[in-house]
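There are 2 protein chains.
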Amino acid sequence: MSWQDKLRKVEPYQAGEQPRIQNLIKLNTNENPYDPGEKVKKAIQDFDSSRLSLYPRPDADELRKALAEYHHINENQVFIGNGSDEVLALIFLTCFNGHEPVLFPDISYSFYPVYCELYQIPYQKVPLNESFEIVKTDYYQPNSGIIFPNPNAPTGICVSLDFIEDILRHNQDSIVVIDEAYIDFGGESAVTLIERYPNLLITQTFSKYRSLAGIRLGVALGSQEVISKLYDVKNSFNSYPIDSLAQVIGLASMEDSDYIYQNAIKVIETREYTKKALKDLGFVMPNSKANFIFVKHPDYDAQKLFEQLREKGILVRYFNQPRIHQYLRITIGTPQQMETLIQEVKNILQA
Amino acid sequence: MSWQDKLRKVEPYQAGEQPRIQNLIKLNTNENPYDPGEKVKKAIQDFDSSRLSLYPRPDADELRKALAEYHHINENQVFIGNGSDEVLALIFLTCFNGHEPVLFPDISYSFYPVYCELYQIPYQKVPLNESFEIVKTDYYQPNSGIIFPNPNAPTGICVSLDFIEDILRHNQDSIVVIDEAYIDFGGESAVTLIERYPNLLITQTFSKYRSLAGIRLGVALGSQEVISKLYDVKNSFNSYPIDSLAQVIGLASMEDSDYIYQNAIKVIETREYTKKALKDLGFVMPNSKANFIFVKHPDYDAQKLFEQLREKGILVRYFNQPRIHQYLRITIGTPQQMETLIQEVKNILQA
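Read top to bottom, the protein sequences are chains A and H. Per full-length UniProt numbering, residue 1 is the first one in the first sequence, and the count goes up by one each step. Per full-length UniProt numbering, residue 1 is the first one in the second sequence, and the count goes up by one each step.
Derived by calculation from the structure, the hints in this document are not laboratory data. Honestly, I wouldn't trust all of these hints.
Identical copies carry no separate label here, and so any pair may be met within one copy or between two of them.
Keeping only pairs whose Cα atoms sit at most 25 Å apart, straight-line, the calculated SDA-like set for lysine to any residue is [as the list claims (entries may be wrong)]:
hint, residue 1, residue 2
1, Lys9, Asp61
2, Lys125, Ser2
3, Lys276, Gln262
4, Lys125, Asp232
5, Lys136, Asp162
6, Lys136, Met1
7, Lys266, Leu54
8, Lys279, Lys304
9, Lys65, Gln22
10, Lys9, Val233
11, Lys9, Pro142
12, Lys9, Tyr231
13, Lys312, His325
14, Lys125, Arg8
15, Lys346, His297
16, Lys136, Ser2
17, Lys275, Leu54
18, Lys41, Arg57
19, Lys9, Pro101
20, Lys346, Gln326
21, Lys9, Asn74
For reference, chain A alone in the conformation it holds in the complex (with noise of 0.2 Å):
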């Protein structure tokens, strides 16, 4: 058995192009086009450098009690990793060790089958229905773990909490993931669910409501035995993978919720302008409750629009999947930005 051999062999993911073009419409990692806020830019002008010999506090406690406090449950209840990829990778390492599939749906966020093919993890991708719902009777059968983002990505479309009450109810013996990255942009956290339902884990990020994509902060919320379970984990993986900047700016955040509140009113605003005005142009599309939308022209192909858009120096998302290859993923980006969208699909329709 030669050296390469005893290589792990993985499709690698392919995220959203980062590409560095001057004065580029960026609507295609559903960033927040908000600041951050004052409170981080202080943050960070105050910060000690000298502080950074030493190694961070582990498990960023003071960012853990401030999270813990916003959402009203107690501080050994949340996770806090280097964003929400790394949780979520962590969460298919500790949580997901039964025979049975993994759940998921068809058309979902991409990172679940990389991350079981990583683990050599089995699942079964269950197809969403004709208007990209969730069937919540599909996962009332075995398995060994459900995951599903609300609102799911990338249709935006958003389940009630009774939904997912009755997916848990049918669920006891699995940990169900809720997995809430665009939760903060118009759906109902589950996180009041968790007192009830030990076997529930919710997973946020500081990357799109609170405009700190580029920090790399992401959070699990859950019932403290699990909670305890991935930091078992992640301490015979990595001790410190928060930063100590990462820290100060989150609890930076955390301090001006109000703020980073009214940005994603603007954001909602913005979203339901934009979706107005592309069915105004014939787009069609699920009622999208993130900080994007997933639109479709009945007669002019997706990905001809894209790279058509792309030439404008707009950059938004086309998946080559099945099912989705007519749409496009849209980030609401501000109404600026978004009036020159809709002003060069205009002009691309009409041409």
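Based on these hints, arrange chain H on the given structure of chain A.
Just chain H now, with coordinates in the frame of chain A:
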């Protein structure tokens, strides 16, 4: 099977304590006593916080380029991760997928067996000889990979490049990892061997030599073939592990390499001074080439000394483990800190 049964069982790793005691002399986690430098300070002050709303550059390409230039290798021979613990964990997951055990010394970095347990990789601890030295012929046997630190931890003993090359020559079918976390305090890096041995992988860190434990930057250097596999696994785990600020800080540190080098010279001088002073008090120790020393007093119990120093506000590292339970690992701090340590040890021994 309950949801609890589906949780992975791990023995959590216990890192050195990070207590919050005022005026503590902290010599327990091998941090560098010197400031990360003016260029790092300025990089933080000049950082435009509005950038944080965007994702970081996925592969930290500017920092990769700077590291490649520094080490006189190609950019695609450099991997950057969230601290060398993450880099090491990814290496275990990526590179050690054979049927034979992975080999590493019985006295070594305590995370190695933890990674093996986490990923269910078979391993074999190879005993150091009576002088705590690695015996190279012990590694001339079938294996799925070899890893050891150079200098070794917690002994501080360094091996030569000829020694490493002998191990490489006898192991052309496995990845051989040299963990160079402490190489810049007096050892010779094996980076120059990469060209001839595509199965050699070297890990380094910004935590020790560059006084940046707080920012979490770890590095792997190797052949393009192995590095690209590490990126494949990284990209299926977390596309953006290195936050924007960490990238900027790492780059600033690379540009301050002369200053960093002068600090290492000071650490080395202080280490040699401390060695002599403790030998004069009757201690014995291997010849450490790291930023710590590993000492034993023939007539004084190590755990007792550890506790008495702690009472005096001096924290060192005690390992309650076979073969080394009469040793203390002491990080090299500033000359003043070491003077205080030596004085307190003298007082304790005389009492």
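So, going through the hints one by one against the coordinates:
With identical chains, the CA atoms of Lys9 and Asp61 are at most 25 Å apart between copies only, with a shortest distance of 24 Å across copies and 37 Å within one. Taking the shortest alpha-carbon separations for Lys125 and Ser2, only the inter-copy value of 22 Å comes in at or below 25 Å, while the best intra-copy value is 35 Å. In the homo-oligomer, the alpha carbons of Lys276 and Gln262 lie at most 25 Å apart inside one protomer (22 Å), although the nearest pairing across protomers, at 63 Å, exceeds that limit. Only between protomers do Lys125 and Asp232 lie at most 25 Å apart by alpha-carbon distance; the minimum there is 23 Å, versus 29 Å within a single protomer.
Taking the closest pair of Cα atoms, Lys136 and Asp162 come within 25 Å of each other only inside a single copy of the chain (11 Å); across copies the shortest separation is 63 Å, beyond that limit. For the homomeric pair Lys136 and Met1, the shortest alpha-carbon distance between copies (22 Å) is at most 25 Å, but the shortest distance inside one copy (46 Å) is not. Proximity of Lys266 and Leu54 under a CA criterion of 25 Å is satisfied inter-copy only: 18 Å between copies versus 40 Å inside one chain copy. Taking identical chains as interchangeable, the C-alpha atoms of Lys279 and Lys304 lie at most 25 Å apart only when both belong to the same chain, with a minimum of 19 Å there against 76 Å between chains.
With identical chains, the CA atoms of Lys65 and Gln22 are at most 25 Å apart between copies only, with a shortest distance of 22 Å across copies and 40 Å within one. Taking the shortest Cα distances, Lys9 and Val233 sit within 25 Å of each other both inside one copy (23 Å) and across copies (8 Å). Taking CA atoms no more than 25 Å apart as the test, Lys9 paired with Pro142 passes between copies only; the shortest distance there is 22 Å, against 29 Å inside one copy. Taking CA atoms no more than 25 Å apart as the test, Lys9 paired with Tyr231 passes between copies only; the shortest distance there is 11 Å, against 27 Å inside one copy.
Taking identical chains as interchangeable, the C-alpha atoms of Lys312 and His325 lie at most 25 Å apart only when both belong to the same chain, with a minimum of 21 Å there against 67 Å between chains. In the homo-oligomer, the alpha carbons of Lys125 and Arg8 lie at most 25 Å apart both inside one protomer (23 Å) and across protomers (23 Å), since each shortest distance falls under that limit. Proximity of Lys346 to His297 under the C-alpha cut-off of 25 Å is restricted to the intra-copy arrangement: shortest distance 12 Å within a copy versus 81 Å between copies. Taking identical chains as interchangeable, the C-alpha atoms of Lys136 and Ser2 lie at most 25 Å apart only when they sit on different chains, with a minimum of 21 Å there against 47 Å within one chain.
Taking the shortest alpha-carbon separations for Lys275 and Leu54, only the inter-copy value of 23 Å comes in at or below 25 Å, while the best intra-copy value is 49 Å. Taking the shortest Cα distances, Lys41 and Arg57 sit within 25 Å of each other both inside one copy (21 Å) and across copies (20 Å). In this homomeric assembly, Lys9 and Pro101 come within 25 Å of each other (Cα to Cα) both inside a single copy, at 21 Å, and across copies, at 19 Å. For the identical chains of this complex, Lys346 and Gln326 are intra-copy neighbours only, at 18 Å inside a copy versus 77 Å across copies, given an alpha-carbon limit of 25 Å.
In the homo-oligomer, the alpha carbons of Lys9 and Asn74 lie at most 25 Å apart only across protomers (23 Å), although the nearest pairing inside one protomer, at 40 Å, exceeds that limit.
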